[in-house]
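Top line first, the protein sequences correspond to chains A and B.
Take the first sequence: its position 186, counted from the start at 1, is 186 in this note's numbering, and no numbers get skipped.
Take the second sequence: its position 36, counted from the start at 1, is 36 in this note's numbering, and no numbers get skipped.
Check before you lean on any hint, since a few could be wrong.
A pair holds if it fits inside one copy or across any two, identical chains being indistinguishable in the list.
[Stated by the list, open to error] The list that follows gives simulated cross-link-like pairs (lysine-lysine, DSS-like), each with its CA atoms no further than 27 angstroms apart:
1. K107 to K228
2. K226 to K100
3. K230 to K146
4. K100 to K146
5. K146 to K158
6. K66 to K107
7. K100 to K228
8. K66 to K158
9. K186 to K230
10. K146 to K66
11. K226 to K158
12. K158 to K228
13. K100 to K165
14. K165 to K65
15. K230 to K100
16. K107 to K65
17. K66 to K100
Hints are computed from structural coordinates only; laboratory data are not their basis.
Below are the chains, spelled out letter by letter.
2 protein chains.
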Amino acid sequence: MVFDEAMAQNAAVQYCDDQGDEQGLIQSFVQVCNFLYDNQDRLSWRSRTNIPSVQTDEGLRLLAKKYYSAYRRSDFPIRAGTIPDDMVSIVMVEAFGYSKEASDRIKVEHQEAMVAENCVGALLERYLDSVLRPNGWHWCCGSFVKAIDFIRRDQNNKWLVLQIKNRDNSENSSSSAIRTGTTIQKWFRSLSRTGRTNWDNVPPLMQGFNLSEQGFIDFARAYLAKEKAKMTI
Amino acid sequence: MVFDEAMAQNAAVQYCDDQGDEQGLIQSFVQVCNFLYDNQDRLSWRSRTNIPSVQTDEGLRLLAKKYYSAYRRSDFPIRAGTIPDDMVSIVMVEAFGYSKEASDRIKVEHQEAMVAENCVGALLERYLDSVLRPNGWHWCCGSFVKAIDFIRRDQNNKWLVLQIKNRDNSENSSSSAIRTGTTIQKWFRSLSRTGRTNWDNVPPLMQGFNLSEQGFIDFARAYLAKEKAKMTI
């Protein structure tokens with residue numbers, strides 16, 4: 001039995017308007033499902049019941065819905081709705097000598113910095129997708145492929161697999177062996193010890209596309225400006 | 001076969017000076033090892049080789065060394081040696097409208113707030129130990145008991161098991177069933193949605209010892225002042 005690409009494509013069509021920047025996303029979704037067909041243990045699904053199968057129309061629709069929702073969800077950072085822990089401010093005062101007033105300001109800014117950090121990780125994937133998608137890579141958007149961010153096939157039809165991290169000290173995934181015998185190639189954008197970026201060391205598979213820190217900054221600024229404009233409408 | 005308490009006690013004596021606030025720690029170490037003897041799957045050890053056994057003198061010494069090192073290690077927050085990611089500052093400017101100067105200040109304060117957060121979690125365990133130890137509880141210090149922070153036996157000699165979190169949205173452990181058939185009782189100190197503390201809802205096992213937020217604050221201030229004084233000597 002082989003993977004039914006036409007069925008996956010039909011599922012994607014239900015959710016894709018295939019306009020603007022969604023060009024090529026149908027093909028990416030189909031290949032992500034194809035990869036999951038070959039590596040079923042790579043599916044990550046929160047609910048223990050109703051786990052989608054890439055061999056049924058119903059399963060593919062569930063996955064397509066998640067894929068496109070994640071793609072369209074804004075990654076503009078939203079201030080947290082939680083109330084900061086006062087004890088953190090007490091430690092800031094006692095340990096680092098901040099005034100009560102400064103520690104109150106810091107607790108708000110600290111929350112914003114945390115959501116900004118998450119935003120950087122999300123924007124990094126979006127930037128890479130914007131450059132890599134026209135070059136044959138498929139983004140594993142929607143967080144249902146375990147520990148893998150981008151896939152493509154090589155000339156021998158074997159899967160090539162990339163995992164992206166924003167920093168060398170980001171939490172990393174435990175397993176790197178996958179069933180097809182390929183290993184996950186990992187790349188991180190920045191070095192926590194020096195603050196330097198790592199664009200000079202992208203794996204061979206990602207080379208030749210002019211990926212750069214300045215490209216990332218420009219992409220991020222444009223994305224945030226666009227999303228901000230949407231919010232103020 | 002039963003657990004050899006005398007052998008565990010001998011191992012602890014090698015590392016304990018049994019002065020000042022280490023009173024009772026030998027007994028706590030012995031009981032933590034006794035618990036691991038009954039629940040061997042609860043041992044958490046970073047290295048895959050040389051996993052300590054609570055049935056050998058060598059294993060018990062390894063555990064005792066880790067137990068006492070962790071107890072004596074200062075939890076005073078230390079500024080991180082890492083360089084903040086400039087991209088986070090760019091997002092702070094673009095998304096929240098901070099000036100470049102403000103975002104530079106925030107990135108330092110944000111790092112301090114992160115280490116202060118970790119410190120709060122560590123001090124919470126120390127505070128609970130200071131109150132619960134004289135009341136028959138044993139602190140699982142040293143992070144080698146998986147997802148469990150305090151243990152004791154009930155009148156029927158069954159293990160009672162506590163897991164402590166600083167916040168309701170702290171990362172939580174996956175498994176709560178343990179081999180002896182008891183379940184882990186969980187308690188968190190603060191509610192992220194309201195900012196309120198949760199001392200009125202300590203589990204029955206922890207009641208009657210006057211645990212309170214004010215007690216925690218007083219303990220934390222005294223601890224930090226003492227550790228700060230040590231550093232300036």
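Should K226 paired with K100 be assigned to within, between, both, or neither, using CA atoms and 27 angstroms as the limit? between (37 angstroms within a copy, 20 angstroms between copies)
Checking an output row: K100 and K165, CA cutoff 27 angstroms. Within, between, both or neither? Between copies only: 25 angstroms across chains, 36 angstroms inside a chain, cut-off 27 angstroms.
Pop the pair K107 and K228 into one bin, within, between, both or neither, using alpha-carbon distances up to 27 angstroms. both (24 angstroms within a copy, 22 angstroms between copies)
27 angstroms Cα cut-off: does K66 pair with K100 within a copy, between copies, both or neither? Neither. Shortest intra-copy (44 angstroms) and inter-copy (37 angstroms) distances fail the 27 angstroms Cα cut-off.
As a check of your reading, is K226 near K158 (CA-CA no more than 27 angstroms) within one copy, between copies, both or neither? The answer is neither: 38 angstroms in one copy and 60 angstroms across copies each exceed 27 angstroms.
Please work out whether the CA atoms of K66 and K107 approach to 27 angstroms or closer within one copy, between two copies, in both situations, or in neither? For K66 and K107, the Cα distance exceeds 27 angstroms both inside one copy (34 angstroms) and across copies (34 angstroms).
Give the relationship of K107 and K65 under a CA distance limit of 27 angstroms: within one copy only, between copies only, both, or neither. For K107 and K65, neither the intra-copy (37 angstroms) nor the inter-copy (37 angstroms) Cα distance is at most 27 angstroms.
At most 27 angstroms between CA atoms: does that hold for K165 and K65 within a copy, between copies, both, or neither? For K165 and K65, the Cα distance is within 27 angstroms only inside one copy (25 angstroms; across copies 35 angstroms).
How do K230 and K146 come out at 27 angstroms by Cα distance, when the copy is not named: within, between, both, or neither? neither (32 angstroms within a copy, 46 angstroms between copies)
At most 27 angstroms between C-alpha atoms: does K100 with K228 qualify within a copy, between copies, both, or neither? between (33 angstroms within a copy, 19 angstroms between copies)
Checking an output row: K230 and K100, CA cutoff 27 angstroms. Within, between, both or neither? For K230 and K100, the Cα distance is within 27 angstroms only across copies (24 angstroms; inside one copy 37 angstroms).
Measure nothing new, just compare the shortest in-copy and cross-copy C-alpha distances for K66 and K158 to 27 angstroms and report within, between, both or neither. Classified as within: same-chain Cα gap 26 angstroms, cross-chain 46 angstroms, threshold 27 angstroms.
Violated hints, in rising order: 3, 4, 6, 9, 11, 12, 16 and 17; the structure is consistent with all others.
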